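With chain F's structure known, arrange chain S on it following the hints.
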Amino acid sequence: MAEQIQAFTIEQFYKHLLQGKLMGAKCRKCGKVHLPPRPLCDSCFSKDFEWIELSPKGKLLTYTVIHVAPSQFQGMAPYAVGIVQLENGVKIPGMIRASPEHIKIGMPLTMDFGTCAATQQWPQWPRYFFKPA
Amino acid sequence: MKGKPLVSIVSAGLSKFGKLEGLYAREIFAEAAKEAFDRCPNLNPKKDIQALFIGHMGESYEHQGHTGATMAEWAGLLHVPATRTEAACASSGAALRAAIYAVLSGLADVVMVGGVEKMTHRSTAEVTEYLAMASDYPFEQWHGITFPGLYALMATAHMHKYGTTEKQLAAVAVKNHYHGSLNPKAHMQKEITPENALSSRVIAWPLKLYDCSLITDGASCLILTKPELAKKYTDTPVHIIGSGQASDTIGLYERESFTSLAAARLAAKKAYEMADVKPENIDVAEVHDCFTIAEIIAYEDLGFCKPGGGGQLAEKGETKLGGRIPVNTSGGLKAKGHPVGATGTGQAYEIFLQLTRQADKRQVKNAEIGLTHNVGGSGATATVHIYRRG
Chain F
1 MAEQIQAFTI
11 EQFYKHLLQG
21 KLMGAKCRKC
31 GKVHLPPRPL
41 CDSCFSKDFE
51 WIELSPKGKL
61 LTYTVIHVAP
71 SQFQGMAPYA
81 VGIVQLENGV
91 KIPGMIRASP
101 EHIKIGMPLT
111 MDFGTCAATQ
121 QWPQWPRYFF
131 KPA
Chain S
1001 MKGKPLVSIV
1011 SAGLSKFGKL
1021 EGLYAREIFA
1031 EAAKEAFDRC
1041 PNLNPKKDIQ
1051 ALFIGHMGES
1061 YEHQGHTGAT
1071 MAEWAGLLHV
1081 PATRTEAACA
1091 SSGAALRAAI
1101 YAVLSGLADV
1111 VMVGGVEKMT
1121 HRSTAEVTEY
1131 LAMASDYPFE
1141 QWHGITFPGL
1151 YALMATAHMH
1161 KYGTTEKQLA
1171 AVAVKNHYHG
1181 SLNPKAHMQK
1191 EITPENALSS
1201 RVIAWPLKLY
1211 DCSLITDGAS
1221 CLILTKPELA
1231 KKYTDTPVHI
1241 IGSGQASDTI
1251 GLYERESFTS
1261 LAAARLAAKK
1271 AYEMADVKPE
1281 NIDVAEVHDC
1291 FTIAEIIAYE
1301 DLGFCKPGGG
1311 GQLAEKGETK
1321 LGGRIPVNTS
1331 GGLKAKGHPV
1341 GATGTGQAYE
1351 IFLQLTRQAD
1361 KRQVKNAEIG
1371 LTHNVGGSGA
1381 TATVHIYRRG
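If you read the protein sequences in the order shown, they are chains F and S. For the first sequence, our numbering assigns the number 1 to the initial residue and increments by one for each residue that follows. For the second sequence, our numbering assigns the number 1001 to the initial residue and increments by one for each residue that follows.
Bound-form chain F, shown alone (with noise of 0.2 Å):
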């Protein structure tokens, strides 16, 4: 085996972000792509994936701005988040950097990896969000 292969979970996925890749897993035997990778394809109970690439653009589907916030995200509110449907197909959801005004359904955004490093206690996950493309 040239490489090892990273085991397809939500852990993985964002540590795959951290370098700054937006990866999905891909069944090889029906060929669903799983965004967040899982393992077991809820379609065919394959657990036989490959990793793919995905590009990080993307159309909105739908969004809000959120005024009341938990207490961790209350220093950024009001924040718009949305709903990314990428160029392959797959669902996101996600923060949105825009001024409300000028979000719109429809409109072509693209994943920023973010400025966030992992965080120091569990889930040492970073964030990501959506800009304009």
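The hints are simulated quantities; they were obtained by calculation from the structure and are not laboratory data. Fair warning: this is a prediction, and the values are worked out from it, not measured in the lab. In this text, a Cβ means the ideal position worked out from N, Cα and C, and glycines have one as well. Keep in mind that a hint or two might mislead.
Among the chain S residues that face chain F by a calculated CB cut under 7 Å, a handful are [what the hints assert, rightly or not]:
#: 1; residue: Phe-1139
#: 2; residue: Pro-1194
#: 3; residue: Ala-1204
Below, a list of computed lysine to aspartate or glutamate pairs in the DMTMM-like style, where the Cα atoms sit at most 25 Å apart [unchecked claim]:
#: 4; chain 1: F; residue 1: Lys-104; chain 2: S; residue 2: Asp-1360
#: 5; chain 1: F; residue 1: Lys-91; chain 2: S; residue 2: Glu-1059
#: 6; chain 1: F; residue 1: Lys-91; chain 2: S; residue 2: Glu-1254
Here are some chain S residues the structure puts well away from chain F; computed CB gaps all over 10 Å [claimed, not checked]:
#: 7; residue: Gly-1022
#: 8; residue: Asp-1038
#: 9; residue: Asp-1109
#: 10; residue: Ala-1132
#: 11; residue: Glu-1140
#: 12; residue: Thr-1146
#: 13; residue: Thr-1156
#: 14; residue: Thr-1193
#: 15; residue: Arg-1201
#: 16; residue: Glu-1254
#: 17; residue: Pro-1279
Chain S in isolation, oriented as in the chain F frame:
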């Protein structure tokens, strides 16, 4: 078993809903249990009740888990098998389903099912955080998406797809506050105007304060038995004739649609088929209006109108008392309040009152068939039950 009673409700209890200062969840549940026992003098709780199912969402509120046994003890049912179910805001809808399994299996002849939540002693930020636990952690909570935020994502999508307006959302709030004003147990018993709703502060745009249900303390319960034993306990039982439950992805983002809840549609289909009833046969319904948009989507998922027609249905007053199909006569989660674990069986309590003609000022005339629709999280769980006057 089409249209036949699955189980019969012979009694029901509901605590006052509201800010119940100084009361602990178990004390609130005891209040609901007492009403159910008092309402049913032929029942000997210690002798007759063979199991307790209790819906409860969060240990975080009171730093207290192990809710099944706790509630059994405080309801005076020491030693009965007691099981807590957790399905976020559908916790007691799921408990009701579990209680039906227990009675239909023959393992128990008489069971108590209920739910409880104590929330108002916590700050809004804390409650926001605890409620968010009903959503996906790694991709929703982690990226700052709150619970109102998830329903706001649905609202934006619904407005974009169907032209639903903020005014139509406000119509749901105004109606439910009017119904709440007729319910002495409701948290909010004050009517509001559309202007109040539209000018209230933004929580998660386009949802404003009056689009959101209330952070409330409360408890609810039902006593169920086999249909053939019902008359032993009451002359006026209410039969459950249809029961549906379904699940969906924990993350809203993974779903095909953001304008309809597949779990609710599937649960409704099962319940309607089992009951041999159609949406147009429903006389009164309690639906899960955790947010105003959720009630509009519920109308559509339950077949009260076509997809996209929910906003108009609310605006035209068809779901108001006196309308074609009164919805949330109790005031709903919006005005009666939403102590999450208590909500599912709290909805059944209102239908029990309606079908036994005990709903007083908010009585729907000649109501024969009722429905409850209880949703957990952003729709990863849904239960639908259909009831007939016995």
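Verification of the supplied hints:
no.	hint	verdict
1	Phe-1139	holds (6 Å)
2	Pro-1194	violated (21 Å)
3	Ala-1204	holds (5 Å)
4	Lys-104/F x Asp-1360/S	violated (48 Å)
5	Lys-91/F x Glu-1059/S	violated (32 Å)
6	Lys-91/F x Glu-1254/S	holds (6 Å)
7	Gly-1022	holds (25 Å)
8	Asp-1038	holds (40 Å)
9	Asp-1109	holds (40 Å)
10	Ala-1132	violated (6 Å)
11	Glu-1140	violated (6 Å)
12	Thr-1146	violated (6 Å)
13	Thr-1156	violated (5 Å)
14	Thr-1193	holds (22 Å)
15	Arg-1201	violated (7 Å)
16	Glu-1254	violated (7 Å)
17	Pro-1279	holds (27 Å)
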